[in-house]
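Spelled out, the chains give:
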Amino acid sequence: MPVNVLEESPMSLPHFDISSDFSTSTSDGALLEAALFTVQSHVAPMWPLKDFVAVNPFVGFTEIKFLEAMHRLQRVRDGEMLMPISYYRRRLAAGELSDGDIMLALEQCSKEYPEIFSHYSSDEWQKRLVSNHYDFDVESSERPFQTLAEWIDRKRGSTWASIITNEVSRHCAAHYDEGQAIWQNPWQQLPLFSAWRETAMIDRRFEKLGVSSFREFVSALPDNPREAIAAMLTKLSVQQVHWQDFLECQLFSMNGWASYIKYRVKSAEMTESSADDLIGLIAIRLAYDVGLHSSGLSRDLVIQWPSNPQNIKAGSRVGVSKVQSVAVRYAFQVAAEVAYRRRLSCNLLAPSIATSSLTVQNKVQMVFCIDVRSELIRRHLEAVSGSVETFGFAGFFGLPMEYVPLGALEGSAQCPVLLSPSFCVHESVRTNDPKLSSEVAASKRTGQIRESVWKLFQSSAISCFSFVESTGVLYLADLIKNAWGLRGKSPSESAKYLPMEHRSLLGPVLQASGDHGVAPSRQIELAEGILRNLGLTDNFARLVAFCGHGSETVNNPYRAGLDCGACGGHSGESNARYAALLLNDGAVRSGLRGRGIHIPESTWFIPAVHNTTTDEIEFFDIHSVPSSHHEELKDLKEWVAMAGQLTRSERASRLGTQVSDDTFSRSRDWSEVRPEWGLAGNAAFLVAPRSRTKGKQLDGRTFMHSYDFKRDSDLKVLELIMTAPMVVANWINLQYYASTVDNHAYGSGNKVLHNVVGLFGIQQGNGGDLMTGLPWQSVHDGHKFQHEPLRLSVVIEAPRFAIQQIIDKHQIVQELAGNGWLTLLALEEEQLYVFSSVDGWSTFQSTNHQSNN
Amino acid sequence: MEWFFGGVIALPAMALLGSGLISSNWANRHVRILNALVTHITLWALLAAVIAAILLSTTGPLDLSLPYPTFLPLTVGIYFDSLTAVMLLLVSFIGHIIVRYSRRYLDGDSTQGRFLRWVSFTLGSVSMLIISANLVMFTAAWMMTSYGLHQLLTHYPDRPEAVLAARKKFLISRLGDALLVIALVFTYNKFGSFNYGEIFAEAQGMQLESGGGWMLSVIGALYVLGAITKSAQVPFHSWLPDTMETPTPVSALMHAGIINAGGFLVIRLSPLIAHSHLALDVLAIVGALTALFGSVVMLTQTSIKRSLAYSTIAQMGMMMLQCGLGAFSAAMLHIVAHSLYKAHAFLSSGSAVEASSRKQSQTPQQSTGRLVLGLLSALAIAGVVVSCLMFVLGLLSDHEPGGMILSMIFTLSLAQLLWNSFLFAQPRLVIIGLANATLVSVGYIVAWFAMDSVLSHSVPHIVIPLSWMDQVVVLLVAGGFLAVFSLQIALIRFHDRPMIRALYVKAANGFYFDIAAHKLVSRVWSVAPIANKNALPQGR
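First to last, the protein sequences are chains A and B. Last residue of the first sequence? That's 1886 in my numbering, and every number before it is there in order. Last residue of the second sequence? That's 1445 in my numbering, and every number before it is there in order.
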């Protein structure tokens, strides 16, 4: 391959130069504190499986630009943020990227990263992109920061790094275990580091593996993780300027656990004593490296170790070829995004088939979640019936609540993880008969205890033998049921242990009682918030449905990942039901009148849930619907059934089947690893009235939030949308992005090797780090990627000045849009404008010669 | 008729082995065909096993050998009695379930064809192992099973841990092979035949004459040692918890099918082994040790699959203990029940999160006095129930020390169940606890009687005179079980004591058995580090 050798110009990628920050500080303690603070802020949190939600794995780096973050990360950990060149070449060959796209992309690139792209003319770069003559293998350069174990392994062919990962993993799993083990770690109450110390002073494993007197070393460590880290840094004589990078490298070598602990530290339930657990994790990981170091196993190697203070060059420079390889792939990535926006803009600017909703009084209005999966069913529902108007709104319907199921001590947070619940609703038995109510509650409780007693019988040291002999044969029936798909729909968590006739009695109630529920004045506020943010303050239809969503899968640890992210990884049922309760309440309605919103007597709100696996829509609380509305409800049920059928047919081809009813069996098949595609394919977030998108084929790739600028004079709604749902969409988008570009680093690997640990996380195979992100099966169908990695394009139908106001006001929006974590577009008077932090708004150009496809 | 019967039994095994010979490359390229083929063959195999069981009940057992070659003591043949029938039904059923499961589970995996091919081969080998009429055929099938499993364990050959675990298993299996081959030589020397039928008849006679003789003891002990290596008994168990680097259905196949081979060998040869005090004592001691070791370690495991693996080790130990106590039909019941339970547990291991509900009301704190009172009453009730059952059913006998131990274990289990329901101090739950205990007892008795009557002709019912060694063994085993029971009870109050904490650390580490094995394997057959740890199946 002819390699064009560039002159040795300073072509290193810009990066965070920390040395300047540090030279000003004086004391070691303050320095270490600052380093630890930064390191912790770089870790993305990870929620436990039962509340699994999408997280942007680069959330700690959004304050710097995309490529800077990539460079910064690759100094301390393995992990790609762009697809391999072969992927882009294939797409180019398939004609998916036009010359125009590449030209526009290069223009954008040289604006974003002049320090890289100014080295060649645009034509030179174009040549490098369209022909593979300039491709070359990038020499695998040593990461400047490595753990000692990684270095020794690389030189000796040993496996210390994975041994240490397994060790730390074992300790963390035992420390945070939520009930898998019957005999729990006796030090669970202590902070992580102290607990580890107690265990490690007894545990002989590391010594048996060859690191002599490790227990002695551990007992000599201070009990405080900060002091321990300081002592160990001194022992390794790491220079102060490198502390942050070095510690970050240590922490990222256990990124899965770091992420989970970050969540634990953030979540409110955490006790004071454990607030330093993330620092504890750094100290633990460091201790194994120092243990290796002082065991004298590889003294000669330590001297050559790149992280050894003598070996770190001040500003590490990246090889020229590496920079060029990154540049070419980045330009391709931008081109792919440009190509998508080209098609999207044609679609959006095409005249809409929507008939004006003002002329015809709609029979039914239906509010869906902004989730990309809603796009399909909304489109089909509107096609089936002209008298349904649909809306897009965050699926928790603006109700940040904790919902506590009957008989449970704590509930689930039914709101985006960026918020925390501001009120608590308990599931109650909705009856006027106190005897029945207490009877239902008692049978629920008895059922729970019975199950826990039985589980203990099944898993105790002696009784497990008799359990197997007396009941093992009965599993024959379960095996048959599951293998031949004879398994019925399993009752929901709240319906468990209750007889059929009592299940329908359960639900949220409006009245406040004791420590839960909402005061009447707050109820009115909540109701007003829902309607104003939704933009539905007049023209109410006779029937208004709030449709949350949830998935239906079995034997799937990642089930919560398919549920509603806006509801914290749960079904939106409770939020929809509570929203309908609020808005049907007479007192709330009269309160709303006082605030200028008149809901007609003839309007009824009904809750529903869209099952995204089977595309059925189930309505709730039907018995309380007044008889005057039965006609509309009957029609609506027919329409959603038809729309569901159409949606299933559209999805069938993507699921690799011709049979649309296959979705039903998938939802109940215990061996199914791809029950549905979830949010795979997501690429854009559209903030506009439905009339803009109505009838347009958007392929289930767009988040859609209803927004009418004309109703939002003070920009309150826009501000909310850009700081909450847009950020959530960005998190989801970048999680899919990262899990696709490097599933090993940012995804959770192969589902068939998954092992649920501690009831909250996933390990792959025999052990190793906790897995983060999405499994390979969620983005790839075995033949090709089902998710196209594109950074989110946000299109807002509003004037530029309005959007600019929000950008200026909120740093988070500034960072996301300015540093290339998403692209912001304004749709103003049938013209698109694209935002750039360099030169503000510019007219969106679409390469016209290809705009027809 | 005999040949038809034989055909029904042998053809599915041959078909399975046959499709196991398809080349992996071809299989990977024609996954659809392979899927259909293996699914159908395993379904036919299951139907054939059912038909064979019906034929057995009408025509009686089958001992069929091909008439040639006549010049060698080696023949190919089928030995089909009720033990074979039960085992073949079990394996065919589990096999078909696993193949059905793998269809969707491994969909999109570029080596799904290879996977199915080796599943088929392994199932064929296990079937052959079960139906073989003689020890040579058995040993060949035993080795073939191990080879097939090795291929499945290295399904992702670029995962170093997978390769290491597979090699660990491979080396232990070769040790088992060696023991078996030595036993074969001794057996032929003693009996002049490899055929089960002839050996059993001969052994029966020997016992009448002289009580067996030392040679019989040695042969029995060799077979028992071979079985111990196969069925993950301490100290040969450490490969089992390390085999999670293989797709979940393989775990199910291993834990519900292949691991039983050792137990099957012992039960198959029970007419022979029952004459060997040495063999039985070894079985009882190793089995009890394994059972207790496995269940204590299981208590501390934090991941679902590892905890299931240690549970399998414990259950296999229990099964071997039952064999050692002469309770062969109870051991067979254990194999069947455990296989069904464990296959289900592995295949549904992804449900661990769903199954764990959110935090519920805690168990009420009770004073130590009430805890002890509850425990004593639970023990008393369980004791009375079990003694009554034994009395009514006529199982109470001084001649059966094994029965005493098994009923003691059952009593402790019932006490556990009752005590946990008593802790809540609610009449409703006490009644439910009693009802559960009754159901469990009935289930146990029914299952045991059913298995015992089915196997009545396959396993010996001999009352062995007790030697002093046997008595010591019985006492040790009983003491061990009591100690572990007390340990788990004591954890409630004393989990913070330094000794208990130290024990926790050891148990959580599996008492470090794996390190020795790991070192040994690395020395003999080291795994070269593999750069690409990214075991994502590449798209086809």
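The set of hints was computed from the structure by calculation and includes no laboratory data. There could be a bad hint or two in this list.
[Claimed, not checked] Here's a subset of chain B near chain A, in silico, CB distances under 8 angstroms, partners left out:
1) 1055
2) 1059
3) 1063
4) 1072
5) 1208
6) 1416
7) 1420
Positions of the beta carbon are idealized from the N, C-alpha and C atoms, including for glycine.
Evaluation of the provided hints:
no. : hint : in the structure
1   : 1055 : violated, 17 angstroms
2   : 1059 : violated, 13 angstroms
3   : 1063 : violated, 11 angstroms
4   : 1072 : violated, 14 angstroms
5   : 1208 : holds, 4 angstroms
6   : 1416 : violated, 10 angstroms
7   : 1420 : holds, 5 angstroms
Taken one by one, the earlier hints fail for this structure at numbers 1, 2, 3, 4, 6, listed in ascending order.
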